[in-house]
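K.L.:
The listed protein sequences correspond, in order, to chains Z, X and H. Mapping to full-length UniProt numbering: the first sequence position 73 is 73, numbers consecutive. Mapping to full-length UniProt numbering: the second sequence position 305 is 305, numbers consecutive. Mapping to full-length UniProt numbering: the third sequence position 204 is 204, numbers consecutive.
Please note: incorrect hints may appear among the correct ones.
When chains are identical, the list treats them as one kind, so a pair holds in a single copy or across two.
To be verified - Capping the alpha-carbon separation at 30 Å, the derived lysine-lysine pairs in DSS-like fashion look like this:
(1) Lys179 / Lys143
(2) Lys61 / Lys309
(3) Lys249 / Lys290
(4) Lys143 / Lys103
(5) Lys179 / Lys249
(6) Lys309 / Lys91
(7) Lys127 / Lys309
It is worth saying that the hints were derived from the structure and are not from the lab.
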Amino acid sequence: MLNMLRTNTVVKTISSMRRCLAQSQLYTRSYSDGNVNVTKKYTPRRAMMYVPGNDWKKINKIPSLKADSFILDCEDGVALNRKEEARNNIKKIFQEQMFSEWKSELSVRVNSIDSGLCKADLEAVLKGPILPSTLHLPKMESKNQLDWLAQELESLLGKEHNIKLIVFVESARSLLDMKELIQHGFTLMNQGAPFTLEAAIFGSDDFCADIGATRTPEAKELLYSRQYFVTCAKAYRLQAIDLVYINFKDIDGLFRQSVEGAQMGFTGKQVIHPSQIEVVQQAFSPSIEKMQWARELIQSFEAHQQSGKGAFTFHGHMIDMPLLLQARNILQMAENLNQ
Amino acid sequence: MLNMLRTNTVVKTISSMRRCLAQSQLYTRSYSDGNVNVTKKYTPRRAMMYVPGNDWKKINKIPSLKADSFILDCEDGVALNRKEEARNNIKKIFQEQMFSEWKSELSVRVNSIDSGLCKADLEAVLKGPILPSTLHLPKMESKNQLDWLAQELESLLGKEHNIKLIVFVESARSLLDMKELIQHGFTLMNQGAPFTLEAAIFGSDDFCADIGATRTPEAKELLYSRQYFVTCAKAYRLQAIDLVYINFKDIDGLFRQSVEGAQMGFTGKQVIHPSQIEVVQQAFSPSIEKMQWARELIQSFEAHQQSGKGAFTFHGHMIDMPLLLQARNILQMAENLNQ
Amino acid sequence: MLNMLRTNTVVKTISSMRRCLAQSQLYTRSYSDGNVNVTKKYTPRRAMMYVPGNDWKKINKIPSLKADSFILDCEDGVALNRKEEARNNIKKIFQEQMFSEWKSELSVRVNSIDSGLCKADLEAVLKGPILPSTLHLPKMESKNQLDWLAQELESLLGKEHNIKLIVFVESARSLLDMKELIQHGFTLMNQGAPFTLEAAIFGSDDFCADIGATRTPEAKELLYSRQYFVTCAKAYRLQAIDLVYINFKDIDGLFRQSVEGAQMGFTGKQVIHPSQIEVVQQAFSPSIEKMQWARELIQSFEAHQQSGKGAFTFHGHMIDMPLLLQARNILQMAENLNQ
Numbered sequence: 001m002l003n004m005l006r007t008n009t010v011v012k013t014i015s016s017m018r019r020c021l022a023q024s025q026l027y028t029r030s031y032s033d034g035n036v037n038v039t040k041k042y043t044p045r046r047a048m049m050y051v052p053g054n055d056w057k058k059i060n061k062i063p064s065l066k067a068d069s070f071i072l073d074c075e076d077g078v079a080l081n082r083k084e085e086a087r088n089n090i091k092k093i094f095q096e097q098m099f100s101e102w103k104s105e106l107s108v109r110v111n112s113i114d115s116g117l118c119k120a121d122l123e124a125v126l127k128g129p130i131l132p133s134t135l136h137l138p139k140m141e142s143k144n145q146l147d148w149l150a151q152e153l154e155s156l157l158g159k160e161h162n163i164k165l166i167v168f169v170e171s172a173r174s175l176l177d178m179k180e181l182i183q184h185g186f187t188l189m190n191q192g193a194p195f196t197l198e199a200a201i202f203g204s205d206d207f208c209a210d211i212g213a214t215r216t217p218e219a220k221e222l223l224y225s226r227q228y229f230v231t232c233a234k235a236y237r238l239q240a241i242d243l244v245y246i247n248f249k250d251i252d253g254l255f256r257q258s259v260e261g262a263q264m265g266f267t268g269k270q271v272i273h274p275s276q277i278e279v280v281q282q283a284f285s286p287s288i289e290k291m292q293w294a295r296e297l298i299q300s301f302e303a304h305q306q307s308g309k310g311a312f313t314f315h316g317h318m319i320d321m322p323l324l325l326q327a328r329n330i331l332q333m334a335e336n337l338n339q
Numbered sequence: 001m002l003n004m005l006r007t008n009t010v011v012k013t014i015s016s017m018r019r020c021l022a023q024s025q026l027y028t029r030s031y032s033d034g035n036v037n038v039t040k041k042y043t044p045r046r047a048m049m050y051v052p053g054n055d056w057k058k059i060n061k062i063p064s065l066k067a068d069s070f071i072l073d074c075e076d077g078v079a080l081n082r083k084e085e086a087r088n089n090i091k092k093i094f095q096e097q098m099f100s101e102w103k104s105e106l107s108v109r110v111n112s113i114d115s116g117l118c119k120a121d122l123e124a125v126l127k128g129p130i131l132p133s134t135l136h137l138p139k140m141e142s143k144n145q146l147d148w149l150a151q152e153l154e155s156l157l158g159k160e161h162n163i164k165l166i167v168f169v170e171s172a173r174s175l176l177d178m179k180e181l182i183q184h185g186f187t188l189m190n191q192g193a194p195f196t197l198e199a200a201i202f203g204s205d206d207f208c209a210d211i212g213a214t215r216t217p218e219a220k221e222l223l224y225s226r227q228y229f230v231t232c233a234k235a236y237r238l239q240a241i242d243l244v245y246i247n248f249k250d251i252d253g254l255f256r257q258s259v260e261g262a263q264m265g266f267t268g269k270q271v272i273h274p275s276q277i278e279v280v281q282q283a284f285s286p287s288i289e290k291m292q293w294a295r296e297l298i299q300s301f302e303a304h305q306q307s308g309k310g311a312f313t314f315h316g317h318m319i320d321m322p323l324l325l326q327a328r329n330i331l332q333m334a335e336n337l338n339q
Numbered sequence: 001m002l003n004m005l006r007t008n009t010v011v012k013t014i015s016s017m018r019r020c021l022a023q024s025q026l027y028t029r030s031y032s033d034g035n036v037n038v039t040k041k042y043t044p045r046r047a048m049m050y051v052p053g054n055d056w057k058k059i060n061k062i063p064s065l066k067a068d069s070f071i072l073d074c075e076d077g078v079a080l081n082r083k084e085e086a087r088n089n090i091k092k093i094f095q096e097q098m099f100s101e102w103k104s105e106l107s108v109r110v111n112s113i114d115s116g117l118c119k120a121d122l123e124a125v126l127k128g129p130i131l132p133s134t135l136h137l138p139k140m141e142s143k144n145q146l147d148w149l150a151q152e153l154e155s156l157l158g159k160e161h162n163i164k165l166i167v168f169v170e171s172a173r174s175l176l177d178m179k180e181l182i183q184h185g186f187t188l189m190n191q192g193a194p195f196t197l198e199a200a201i202f203g204s205d206d207f208c209a210d211i212g213a214t215r216t217p218e219a220k221e222l223l224y225s226r227q228y229f230v231t232c233a234k235a236y237r238l239q240a241i242d243l244v245y246i247n248f249k250d251i252d253g254l255f256r257q258s259v260e261g262a263q264m265g266f267t268g269k270q271v272i273h274p275s276q277i278e279v280v281q282q283a284f285s286p287s288i289e290k291m292q293w294a295r296e297l298i299q300s301f302e303a304h305q306q307s308g309k310g311a312f313t314f315h316g317h318m319i320d321m322p323l324l325l326q327a328r329n330i331l332q333m334a335e336n337l338n339q
């Protein structure tokens with residue numbers, strides 16, 4: 001872990017970045033424009049923290065935590081006999097604007113469409129005058145599910161509103177069809193469906209259960225699925241959110257897996273415990289050294305372009321367009337976090 | 001290998017499991033029902049052992065061996081000038097019910113359709129009054145091949161019979177088209193083709209030869225192909241059978257690769273030598289410790305559901321639905337083996 | 001690196017192989033036949049070396065270097081204000097037959113179609129009486145691009161000529177659609193498009209920038225993409241060319257990655273510096289030991305076939321058809337290099 005360690009300075013810089021993030025993620029139906037995507041703000045989602053919708057103790061901790069995004073959960077984190085309670089709590093949180101001054105994203109994960117519970121969740125959460133900015137659809141399995149969701153959202157939101165949508169890939173079938181499913185989501189958007197696909201989340205534990213795989217600490221059994229998932233998400237310019245690190249006491253292991261995920265192209269990671277937030281936010285932030293490298297590379301590249309050299313040597317590596325793009329990515333990410 | 005070692009007790013438990021497996025896998029045309037799938041028995045296929053159809057010395061050893069499944073081979077294990085002999089031997093084995101009291105699956109691998117030898121194999125093996133329960137189609141390459149097979153089987157078996165079908169993916173083309181090919185197999189089944197797809201086998205050595213890869217002991221060159229293969233097979237609820245470990249004297253290496261395969265989601269493995277059977281059967285069986293873990297997790301989950309908690313901590317890990325599914329998988333597998 | 005080291009003898013053998021490679025890769029419009037593919041010569045492309053088209057110092061070094069293939073570059077290796085100069089230099093090289101006695105392949109990489117610079121590149125390079133044998137299309141992204149290229153080539157070359165085409169996969173979208181794109185290329189060829197697809201090159205640095213991945217020395221982040229790329233290329237019988245090793249001072253690391261690529265099924269590798277050529281050519285050549293192994297295995301196989309044994313043991317491994325195919329591949333490759 002030695003060469004991955006970041007100094008306190010970096011941690012402070014990154015924390016202060018996060019603190020000056022977006023405004024409240026809430027918006028109201030009274031917006032004259034109606035099109036909330038007009039701002040096209042980038043919503044960082046480095047650490048995405050699950051909070052069971054029926055657990056006020058955990059809900060009330062949210063303002064003290066510094067994850068980019070919180071997922072108020074109706075699904076797997078909520079026992080069957082508490083589903084009703086969870087969706088009513090979440091409804092109350094939005095209608096009473098309980099966290100409206102608070103900076104992080106506050107999103108809602110409904111139950112899967114196949115569970116039969118989704119319609120009641122949507123009605124509880126999306127019928128009031130104040131809406132969550134972002135909705136999570138777990139266990140996306142078929143085009144029919146997306147069609148159903150588009151219709152439900154249209155009947156609940158009308159055509160003038162639009163909600164950010166995050167989809168979960170959690171089975172062999174879903175991964176196998178991921179390209180077609182996301183393509184279908186964009187087709188629906190082009191036809192006026194009231195959602196905007198922004199991210200995809202890899203539900204690795206359901207995926208492993210589905211294919212009969214056993215989770216190992218190094219996650220070698222997930223190399224194909226994680227890397228295909230990233231490729232597919234990025235082909236559609238979606239954020240790609242990596243697996244949960246389930247042993248929440250092993251912070252070193254969490255950091256290693258987070259860094260690995262960031263290196264694979266993931267933009268963030270699901271977290272299940274407050275102790276996981278900081279290390280995940282760090283791993284998915286560009287380091288000061290990396291930003292420095294990117295700035296210098298870009299300057300050097302521009303100088304060489306003017307003098308007519310294409311490929312050139314920089315810090316012992318041959319540099320051309322692709323590395324320039326990587327450098328620009330890093331600065332862009334830092335800028336997005338700093339918006 | 002230390003932390004993978006299972007105790008003698010476990011080995012004994014597993015061996016006794018296997019001994020009380022299925023009845024004979026043979027069935028006769030005289031079944032009044034005609035639909036052999038009415039039982040829907042799960043056929044375990046942890047170790048699948050090749051036996052060349054022309055080699056009586058090896059054939060006669062079958063009853064002394066404890067693999068879940070034996071493949072009487074007409075294809076790559078049989079020299080060209082012995083094909084006729086192999087198929088006639090196999091015909092004799094079934095017609096004379098030579099192993100009819102014996103518990104393991106006895107299946108037949110015909111030659112590939114492209115070889116031009118398949119029709120003669122099918123006619124030899126499927127014309128008698130007693131049929132093998134399971135047929136292997138090597139080198140599945142195209143939808144046309146599946147169409148051809150469906151027609152041949154219908155003309156040989158009639159519509160009232162049904163044979164279990166296992167397909168081999170052994171080339172770049174076959175892997176690339178695997179989803180479409182298996183989908184087509186199910187389409188044919190829905191149209192009344194007299195077979196039931198139950199498993200897919202990864203023919204890694206032919207695959208490597210086809211893409212020009214070199215096999216290494218760690219099989220890093222096969223990470224994508226193996227993991228994609230599992231994902232695709234499991235999306236269609238097929239058993240997924242892993243590669244041969246070709247160095248049959250290296251039992252430690254075999255065990256490591258078997259455990260790795262099981263962790264990736266494979267349900268069994270091809271074996272080419274009697275010395276490989278026991279270790280493979282072990283690696284693809286749930287251990288006593290794992291079954292214990294699964295039972296406790298399920299009990300704990302049910303208790304938490306009743307008290308209204310969804311996610312909870314168990315042995316230091318956060319548990320929710322996906323892990324519950326894994327636990328249920330493990331017990332289901334043990335139950336399948338114990339049927 | 002110890003067990004990978006090849007002796008000087010091997011290096012010499014391989015070098016002399018390369019020296020008696022193909023004739024000049026140039027051909028002229030005056031060929032009465034018109035169909036340059038009539039020879040169906042295999043063009044080895046172990047090391048493919050980039051040479052910026054605007055840099056005479058590097059261009060003039062070509063005859064002293066021993067890569068199988070050189071890529072005269074108009075694209076990423078050439079600064080924007082030198083594009084005109086590069087394409088004119090390349091035009092001059094071919095029209096004046098500057099390297100016509102020279103054995104290696106001399107190919108041209110034009111700018112991507114999306115750049116808007118491609119048409120001018122094609123016109124400069126393909127209007128003269130003497131044509132390069134091989135054209136590289138970077139950043140292949142869509143079927144429309146291939147349609148456009150087919151039309152441009154037909155208008156520049158007429159129907160009686162045919163140029164070898166090498167395509168680059170350099171983005172998430174391109175990798176995701178690789179099967180469909182290459183399939184479309186073959187459809188165009190069947191419809192008379194004047195090109196012959198021979199190879200695909202994995203542009204890993206652009207790919208990483210596109211998906212937001214970070215390149216690591218072990219390239220774990222590229223396991224899926226490289227292995228899928230090989231599978232897809234080989235399904236269409238295309239040569240598969242592996243990523244650039246960007247740290248050109250680390251020859252040991254280059255050798256490790258080259259051997260790994262060869263083991264995965266890649267047929268060659270992009271190089272960016274003369275110091276990388278020899279080690280790459282070695283890694284993608286069959287070693288004398290490997291050729292010896294292949295010859296012995298084939299002899300042994302034929303002997304066993306005649307005596308009626310299919311599978312048999314050779315050097316402690318069970319051998320059947322797939323390994324025989326691998327052995328034949330190795331000798332075929334050696335023969336191709338020796339044509």
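K.L.:
Tell me, please, which holds for Lys309 and Lys91 at an alpha-carbon limit of 30 Å: within, between, both or neither?
P.N.:
Only across copies: Lys309 and Lys91 sit 20 Å apart there, 59 Å inside one copy, limit 30 Å.
K.L.:
Between copies, within a copy, both or neither: which fits Lys179 and Lys249 at Cα up to 30 Å?
P.N.:
neither (35 Å within a copy, 40 Å between copies)
K.L.:
If the cut is 30 Å between Cα atoms, do Lys61 and Lys309 qualify within a copy, between copies, both or neither?
P.N.:
Result: close only across copies, 18 Å inter versus 55 Å intra.
K.L.:
With identical chains treated as interchangeable, where does the CA-CA distance between Lys249 and Lys290 reach 30 Å or less: within a copy, between copies, both, or neither?
P.N.:
both (29 Å within a copy, 22 Å between copies)
K.L.:
For Lys127 vs Lys309, is the C-alpha pair at or below 30 Å within one copy, between two copies, both, or neither?
P.N.:
between (60 Å within a copy, 27 Å between copies)
K.L.:
30 Å Cα cut-off: does Lys143 pair with Lys103 within a copy, between copies, both or neither?
P.N.:
neither (34 Å within a copy, 44 Å between copies)
K.L.:
At 30 Å max between alpha carbons, let me know whether Lys179 reaches Lys143 within a copy, between copies, both or neither.
P.N.:
Both, since 11 Å and 17 Å are each at most 30 Å.
The structure shown violates the earlier hints numbered 4, 5.
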